[in-house]
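Chains as they are written, first to last, in my numbering: chain C, 1 to 156; chain H, 1 to 438; chain F, 1 to 726.
Note that these hints are calculated values from the structure, not bench results.
It is possible that part of the hints are untrue.
For lysine-lysine, the following DSS-like pairs were computed, each having C-alpha atoms within a straight-line distance of at most 30 Å [what the hints assert, rightly or not]: (1) K392/F with K74/H; (2) K63/F with K70/H; (3) K70/H with K271/H; (4) K32/C with K10/C; (5) K86/F with K63/F; (6) K70/H with K33/H; (7) K392/F with K458/F; (8) K33/H with K143/H; (9) K29/H with K143/H; (10) K214/H with K38/H; (11) K145/H with K10/C; (12) K248/F with K629/F; (13) K36/H with K18/H; (14) K423/F with K705/F; (15) K18/H with K74/H; (16) K18/H with K145/H; (17) K143/H with K74/H; (18) K126/C with K271/H; (19) K392/F with K423/F; (20) K353/H with K417/F; (21) K126/C with K18/H; (22) K38/H with K145/H; (23) K18/H with K33/H; (24) K10/C with K143/H; (25) K150/C with K32/C; (26) K135/F with K353/H; (27) K423/F with K74/H; (28) K74/H with K38/H; (29) K705/F with K10/C; (30) K248/F with K140/F; (31) K10/C with K63/F; (32) K214/H with K18/H; (33) K10/C with K18/H; (34) K29/H with K214/H; (35) K143/H with K36/H; (36) K629/F with K458/F; (37) K135/F with K86/F; (38) K417/F with K705/F; (39) K10/C with K74/H.
Bear in mind the structure is a predicted one, so any value in this text is a computation, not a measurement.
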Amino acid sequence: MTELAGEIQKAAAQYPDSRSAVLPALRLAQEKHGGWLPPEALREVGDALGLTPAYCQAVASFYDMFQLQPVGRHLVEVCTNLSCALVGAQQVLEAFERELGIGPGETTEDGEFTLRAIECAGGCGKAVVVSVDEHYREPVRPEDVPEIVKELRGGD
Amino acid sequence: MGIDEITLAHADERDLTKLAEYEEIGGYKALAKARKLKPEKIVEELLASNLRGRGGAGFPMGRKASFLAKGTGKPTYLCVNADESEPGTFKDREIMLRNPHRLIEGCLITAHGIESEHVFIYLRGEYRDVFEVMRRALEDARKAKLLGDVTIVLHRGAGAYICGEESALLESLEGRRGQPRPRPPFPAVSGLYGSPTLINNVQTVATVPVVIEKGGEWYAKIGPEPSPGTVVFSLSGNVVRPGNYELELGTPLRELIFDLGGGIPDGRELKAIIPGGSSTTVMTPDQLDTNLDFNSVAEAGSQLGAAAVIVIDDRACMVQLALRSSQFYMHESCGKCTPCREGTRWMVQLLAKLEEGRADQHELDLLLSVCDRMLGKCLCALGDFAAGPVVEYATRFREEFQRHIDEGGCPFGGESSLEGIYAPVEQHAHAASAEVTA
Amino acid sequence: MSAPELVTVSVDGREVQVAPGTGLVETALAAGVEIPVFCYEPRLGPAVGACRMCLCEIEGMPKLQAACTLTATDGMVVHTAQTSEKAAEGQEATLEFILVNHPLDCPVCDKGGECPLQDLTFRWGPGNTRMTFPKRTYEKPIPVSPTIALDRERCILCYRCTRFSESVSEDGQLIARNRGAQSIIATFEDEPYRAPFSGNVIELCPVGALTSTQYRFEGRPWEIQNVPTVCGLCPVGCNIQATTREGKVKRILSRNHPEIDEGWLCDKGRFAFTHLYARDRIADPLLRVRRRGFEELSWDDALDAAEKLLREAEGRIVTALSGSETVEQAYALGRLLREGLGAHSALLPEETSPALDAFRLPLSAIRDAELVVVLGDEPPAERAPVVDLWLKAAERRGAGIERAGDALESCRRLADKRNVLGKRLRESDRAVLIWSGEEGAGGAHVAALARELGFGGKAGCGAFHLPSTPNGRGVADAWAAASDEEGPNPEPIGLLIVSGDEAASDPGVRALAEHAERVLVTSMFQGLAVGWADLVLPGTGYLERDGTYVNLEGRLQRLRRAVIPPAPDELAWVSKLAERFGVEVPPYASAVFAELSEKIHGGLAFGEVGEQAALGTRSEAPVAELPEKPEEGGDGLALVRYRALFSGPAVERVPELQFQRPEPEVELSAEDAEARGIASGETVTVSHDGTSLELRARISRELRKGVVRIAAEHAGELGGRVEVST
Ligand SMILES: Cc1cc2nc3c(=O)[nH]c(=O)nc-3n(C[C@H](O)[C@H](O)[C@H](O)COP(=O)(O)O)c2cc1C
Ligand code: SF4
Ligand code: FES
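Next comes chain C alone, as it looks inside the complex (with noise of 0.2 Å):
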C-alpha cells in the first residue's frame, strides 16, 4: 500500500462511511502533487476509498480549494468580495498584478506564483484579506505588497 494510501485509509477511520474521506483524501493527494490534482492523483485517491476517478473529479470539480490545472509553487489569493472591496480590494489585487506580472487566474513564467482573486475569506474586520499560502495576511494595504512578493521570493 502506497504512503499516501496509508494515510487515507487512516482518514477514513474516522467517518461511518470511508466515502465521507473523499474531502480529507483529495486534500492529502494535492499536497502530495505539488498543489494541484492531477489525473494520476485521482486515480490513487479513487483506488484508495474504492471510488471511480471519474467520482473524485466530480467531487475535486466543485470545490474551489482544489486545483485541476497545475498552480505556482505560492498561491495568493486576494479577497475582492464587498467588505474588502469597498476599502480597496481592487488596488491591492492590481499592485499584485503589477509585482508578478501576471493577472487574476494566472501563474508566473516560471512556475513560482499563482494570483488569484478569491470570495469573501471571512476577515472583513481586517480588510483588505490576502491569503498567501492558506495563510491569511491582514490586513493589507497596496504599498504593503511589494514587501509581501519580496518576501515570498527570497523566502524557503
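Once you've looked at the hints, dock chains H and F with the ligands against the given chain C.
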C-alpha cells in the same frame, strides 16, 4: 440588565485556547453539571432559553432539538456548522480562534442533550488557522478525559459557500458534491447517513454552556423577549473601527456603527447598511435607529441574518455593489436547480450591462422580473439570497440605477470605491466557454 | 400483508384515493392531472427536485413546492399550474430559465418531435425569449463513447444520466463536473464511457443532449414506426421497440416490462442490431461446387439440393441447434426431420430443466428479496446483463447478496441442514437462488437445492438458472414436442444440419462436422458458413422473425417481425421441404404455434401471448437429486472461461461496439494476487501444462480465492487448472 460577552467572555484578558485558562474562568463546569442532568432536561433548558439559531435563520435551537426522531434504531448525529462563508461574517472564526473550548463544551453538552455520541464540526476549508487551534483544543480536551464516550471529528470543507446550507453540508460530509437535498425529509428525521441529525451554527452551540450554567430562564431575560441573548456582530466596510462586537440583541444600529464602530472614516457620508451579510437586504441611514434583533430588523424590511453589518459610504456605486454581490452568488450556486443556476448568471449579465450604461429601460424591469422568477422557487435559499437583495438595491436606489441608463454610463465616472472590482467567477480556467459575456 | 389504508388527496379540486406514500406526480396522474417533470424519474432513486418544472401550490405550505419530492398524505390539497396562478407562474419561470441557455437548434436535433422540452415549451412555454445575451457555448457534439454523442449546449442539467451511472448501473463513470452555471456532464479525462448499460442514458435524457451515434440524422419521428418485440441476444428477453424506417431497423428502444427489465437495456441489445446489415450477410443460398468454391443458386434449386442431401443421408442425420431459433422454427424443423425422416438425433445448445418451473419468479423478485445467493463464478452481467441490475437494486435495498463460488459444490453445501447460510435460506420468505456457474445441468441442480430448501411452498422464494442461449428452453421443448419417437445416434453421420449462427460458430459443432459426410448450414453470415458447408441457406435474425421465445424465467414472449429479411425466413422453406417428405407444416408462426400450443401451452392462442407477457404459474416436474461430488482435480487455480457479453457473431459485426469487447486480462482474487506478488495492471503469464498466455492482471473484489477468470476469447487453449506468475 447589562451582560458581559458570552461566547467571547474573557477572551481579551486571557489565552482561552489553553485548557487551564479556560477552566480558570469556570470552563467545563456547565458540562459537569449537564452530565448530571437527564438529556430531556437539557433540551427543556434550551427551550426555556429561547436561544435562536445564529447561522442566519434564527430558528429556536430547543425546538429543533425536540424534533429529532426517537427510537429509529439509528445513531443520532450533531453537526456543527462552522462553514462561515456569508460575505461579511467573521464571527465564528473569532469564537473558534479565541475560545475553542467554549464550542467544544457546547458540543459535548448538546450531544448529551440529544443522546448523541458522534459530533462533526464542518469547518470552512480556508480556515486553516482555526483548524490548528481547534485540533489542539480537541486534543487537550481528549487528554483531559472530557469527551467521555463522545467522538468529535473536525471535518474541513474545501471552498464552497453552499456547503453552509445544512443539507448541502450533509451531502459534503458524506463525501459528495455539496448540493442541497429536497426537504422533507428534514435532517432531524433523516440527515447524515439517513440518521436523525441536529445542525447548529458555531455561535449557537457555543452559547449552550451558559444556558446550562445559568439556566434557560436567566438567558431568556437578556435583551428583547422574542430574541434574547447576545450576538457577535461582525462590523465591516466603511467604518473606523471594524471588528467583532458581542452585544445584547436589540442594540441599536446607530450605537454599533457610530459609538462602537467610530462612524464613517474620511468624513464621508453613510449611504447604506447591509445588516446581516450580503444575503440580507440593504437598509438606509434613515433606519439607523432600528434595534438589531431578529424581529425589529424584520419589521424594518430586512433580516438580521448572521449579524454581519456591512457599512457602505457615499463613494460606492450601488449598481457595482449589486453586480459584485450577484457575481458571488453566481460563483457559489451549486448548479443543481434551474432558477438559481440560470438566474444568477442572467442577473450578472443584466447588471454588467447596466453598469456599463448599455442597458435599455426595459432591461431594468427585466432584471427585477428575473429576480422575481427566482424568489421562492429554488431548491434552497441561495437563490433567494441572490435575488432578494438586488430587488432592494434597485428599489431603494432606483434613481441611481436609472441614471446609469439615462446617462449611458456610471454616474460615478470611475470614482466609485468599487470601480473595476474583479470577481472570481471571471477567472474560471475550466469551462472557460461558460464565462459571462455581457 | 394487509392492504394499506388509502389516503385522500385533492388535486385541482378532484379527489383521488391512493396508497400513502404515493408520489404526488403519480397521485395527480391518478386524478387525471399531468404535472410536467424533467428531472423526476422514480427508477433513478429518490427525487432530487432539481429542475423545478413540477412546482405546485400545496395548501398549508407558504412556498411553491416541487411536487416530485412530495408524497401523498391524507387531506392534502394540491393546486397545479392548471388551477393555480402562482404555480403557473412558477412553471413558466422554470421553462424560461431552462431555455435561457438552450440553443433551440431543434430543426437539426435528433430529439426534435419526441422531445419533452419541446413539448412542454409548446404547451406552457413563453412565446418569445427575453434573453438577449450570448448563450453558453461548448464544443459540440463530443463523443462520450463510439455509441453516444454529447451536446452540452442542449443539456438542461437534470442529472438523470449521472444519477443512472451512479445509482442504477453503479459504474460511476458519467459525472457532473464543475459548479453552478459552469456545470457540465463529462467522463473522467474525456475517456469513453465504457460500461455495459451506458446506452440507457440516451433514453433517459429529456432533451437532445445525449444522442445515439448510430441514430444521428437517421430519421424524423414522423417517418418511423416503432415495432414492439423482444430482444433475442440473451436469455433475459428484455422488451424492446425496434424503430424502423424504409424497411430498415434504425435503433432499439426499451419497452419497460416492470417484471423483466424495468426499462433498462444492455448495450448489446441496444446497439448490436446493425449486424443485420453486416457486409457478409447472406441473401441467397450457396452451394459448394468442387474446386470453384461456392455458387449462388435460386431457391428452387436450393430446395432441390437440400432435398437431395436429406434423402442421401438415409436418416443418418444429426441436427445442431443454436437456441436462438424461435419456438416455431425449432418445432417445424423437428416435424420435418423427425416425422419426415426419422432423424431424431439433435445436438441441443444446452441442457434445460423443467424442474425449475416449480420455483418460478419474475426477475423483479430479485430486487424484492431479502437474501440472494449467486451460485457459481461466472459474472451474471456477462450472461444475463439485466440480472446484474436487479442484483444491484437488491443490494441498495439492503438485501444480503452472497456470492457462493463453485456452483455445484455450493449447492451441496447449502443443502446440508447444518449449513448456516442454508439455514438462513430455509427460514427466509424472500430468498432467491441464481445459478451463474458452468454450463450443463445447472438448472436441475439449482432446482434440486430449491426443493431441498422448501422454496416450492414459499411464493416469495425461487430459483433462476442463467442459460447461455436466448431461447434454449423454448427450442428444447419445441424439438421434444415435434415427435414422441426416439432414435439412435447415427454413426457415421450422413448429414449434419447446423441451424443458426451460434451453432455454426460453436467449436464442438465444427468438430462434429469433421465426422459428417455432408453439412447443411443455415446462417446469416458468409464468414460462418463457407469453408465447411456443402449447402448454405440464408438465416434470419430475431428482428426479422415472427414467433415466440421462452426466457430464463420460463416466460413465453412474442417476437414481432420489425423488418422483412433479405431472404425468406426459415419457416417458409422448412414448410416447403416438409411437403416433399409428406409432412404438413404451416409456413406461418401463428399456425405453427397454434399446433404446438395444443401440446404444451394448453391451447393458448398466439394473440394472447401479449405485448407484455405474463409469467406462467408454477408447475411441478420431477427433480433429480444432486449428483455425488466428483473428484476435485489437483492444485493450481481453477480457471473460469466465460463467454463475454460483448462477443459472438452479432457483436463482432458492429464496429461501434468493438471498444466494449473484453480486455485481454485475467481476474484474480486479492489473496491470490497478494500471494503471488501480482499488482493490478501488470502483465502475467497464465499457464496450464505446456500452453501458456500473457495477459494483464486485474484484481477483482468479487472473485473468491483459488479462482481466476478469463473471457473465452482471450483464454486460448487454456482449461482446467492454471498457474499465474509474473
Ligand atoms: C446558501 C446558504 C448558506 C448558509 N451558510 C451558513 C453558514 O456558513 N453558517 C451557518 O451557520 N449557517 C449557514 N446557513 C444556514 C444553515 O442552513 C442552517 O440554517 C444553520 O446552520 C442552522 O444553525 P442555527 O439554527 O444554529 O442557525 C446557510 C444557509 C444557506 C441557504
Ligand atoms: S438554489 Fe442554487 S444553490 Fe440552491 S440548490 Fe438551487 S442551484 Fe443549488
Ligand atoms: S421534476 Fe420536480 S424538480 Fe424536476
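Hints, one by one, checked against the model:
In summary, the hint linking K392/F to K74/H is supported, as the alpha carbons are separated by about 23 Å, within the 30 Å threshold. Restraint check for K63/F and K70/H: satisfied, since their Cα atoms lie roughly 28 Å apart, inside the 30 Å limit. The hinted pair formed by K70/H and K271/H fails the criterion: a straight-line CA distance of about 51 Å is larger than 30 Å. In summary, the hint linking K32/C to K10/C is supported, as the alpha carbons are separated by about 16 Å, within the 30 Å threshold.
For the proposed pair K86/F and K63/F, the alpha carbon gap of about 10 Å is at most 30 Å, so the pair holds. A threshold of 30 Å between alpha carbons decides the hint, and for K70/H with K33/H the separation of about 24 Å falls inside it, so the pair holds. The hinted pair formed by K392/F and K458/F meets the criterion: a straight-line CA distance of about 23 Å does not exceed 30 Å. A threshold of 30 Å between alpha carbons decides the hint, and for K33/H with K143/H the separation of about 20 Å falls inside it, so the pair holds.
For the given pair, K29/H sits about 17 Å from K143/H by alpha-carbon distance, which is consistent with the 30 Å threshold. Taking the CA atoms of K214/H and K38/H, the gap is about 17 Å. The hint holds against a cut of 30 Å. Proposed proximity of K145/H and K10/C is supported: the alpha carbons are some 23 Å apart, at most 30 Å. As the CA atoms of K248/F and K629/F are separated by approximately 52 Å, the hinted pair breaks the 30 Å bound.
As the CA atoms of K36/H and K18/H are separated by approximately 25 Å, the hinted pair is consistent with the 30 Å bound. Proposed proximity of K423/F and K705/F is supported: the alpha carbons are some 24 Å apart, at most 30 Å. At roughly 36 Å between alpha-carbon atoms, K18/H and K74/H are farther apart than 30 Å, so this suggested pair is violated. Restraint check: the Cα-Cα separation between K18/H and K145/H comes to about 15 Å, which is no more than 30 Å; the hinted pair holds.
At most 30 Å may separate the alpha-carbon atoms for a hinted pair to count; K143/H and K74/H meet this at roughly 29 Å. Between K126/C and K271/H the CA atoms are separated by roughly 21 Å; this keeps the pair inside 30 Å, and the hint holds. A distance of roughly 24 Å separates the Cα atoms of K392/F and K423/F; the hinted pair therefore holds under the 30 Å criterion. The suggested pairing of K353/H with K417/F is violated, with an alpha-carbon distance near 79 Å, which exceeds 30 Å.
Restraint check for K126/C and K18/H: satisfied, since their Cα atoms lie roughly 25 Å apart, inside the 30 Å limit. With a CA separation close to 21 Å, the supplied pair K38/H and K145/H stays within the 30 Å bound. Restraint check: the Cα-Cα separation between K18/H and K33/H comes to about 21 Å, which is no more than 30 Å; the hinted pair holds. Restraint check: the Cα-Cα separation between K10/C and K143/H comes to about 20 Å, which is no more than 30 Å; the hinted pair holds.
With a C-alpha separation of about 26 Å, the suggested pairing of K150/C with K32/C holds against the 30 Å cut-off. Straight-line distance between C-alpha atoms of K135/F and K353/H comes to about 15 Å, which keeps the hinted pair within the 30 Å bound. For the given pair, K423/F sits about 28 Å from K74/H by alpha-carbon distance, which is consistent with the 30 Å threshold. Proposed proximity of K74/H and K38/H is supported: the alpha carbons are some 20 Å apart, at most 30 Å.
Between K705/F and K10/C the CA atoms are separated by roughly 27 Å; this keeps the pair inside 30 Å, and the hint holds. Straight-line distance between C-alpha atoms of K248/F and K140/F comes to about 28 Å, which keeps the hinted pair within the 30 Å bound. Taking the CA atoms of K10/C and K63/F, the gap is about 44 Å. The hint is violated against a cut of 30 Å. Taking the CA atoms of K214/H and K18/H, the gap is about 23 Å. The hint holds against a cut of 30 Å.
Our distance criterion of 30 Å between C-alpha atoms is met by K10/C and K18/H, whose separation comes to about 27 Å. Proposed proximity of K29/H and K214/H is supported: the alpha carbons are some 11 Å apart, at most 30 Å. Under the criterion of a C-alpha separation no larger than 30 Å, the hint pairing K143/H with K36/H is consistent with the structure, at around 21 Å. About 28 Å separates the Cα atoms of K629/F and K458/F, which keeps this hinted pair within 30 Å; it holds.
With a CA separation close to 28 Å, the supplied pair K135/F and K86/F stays within the 30 Å bound. Among the hinted pairs, K417/F with K705/F is consistent with the structure: their alpha-carbon atoms are about 25 Å apart, no more than 30 Å. Between K10/C and K74/H the alpha-carbon distance is near 24 Å, which keeps this suggested pair within the 30 Å criterion.
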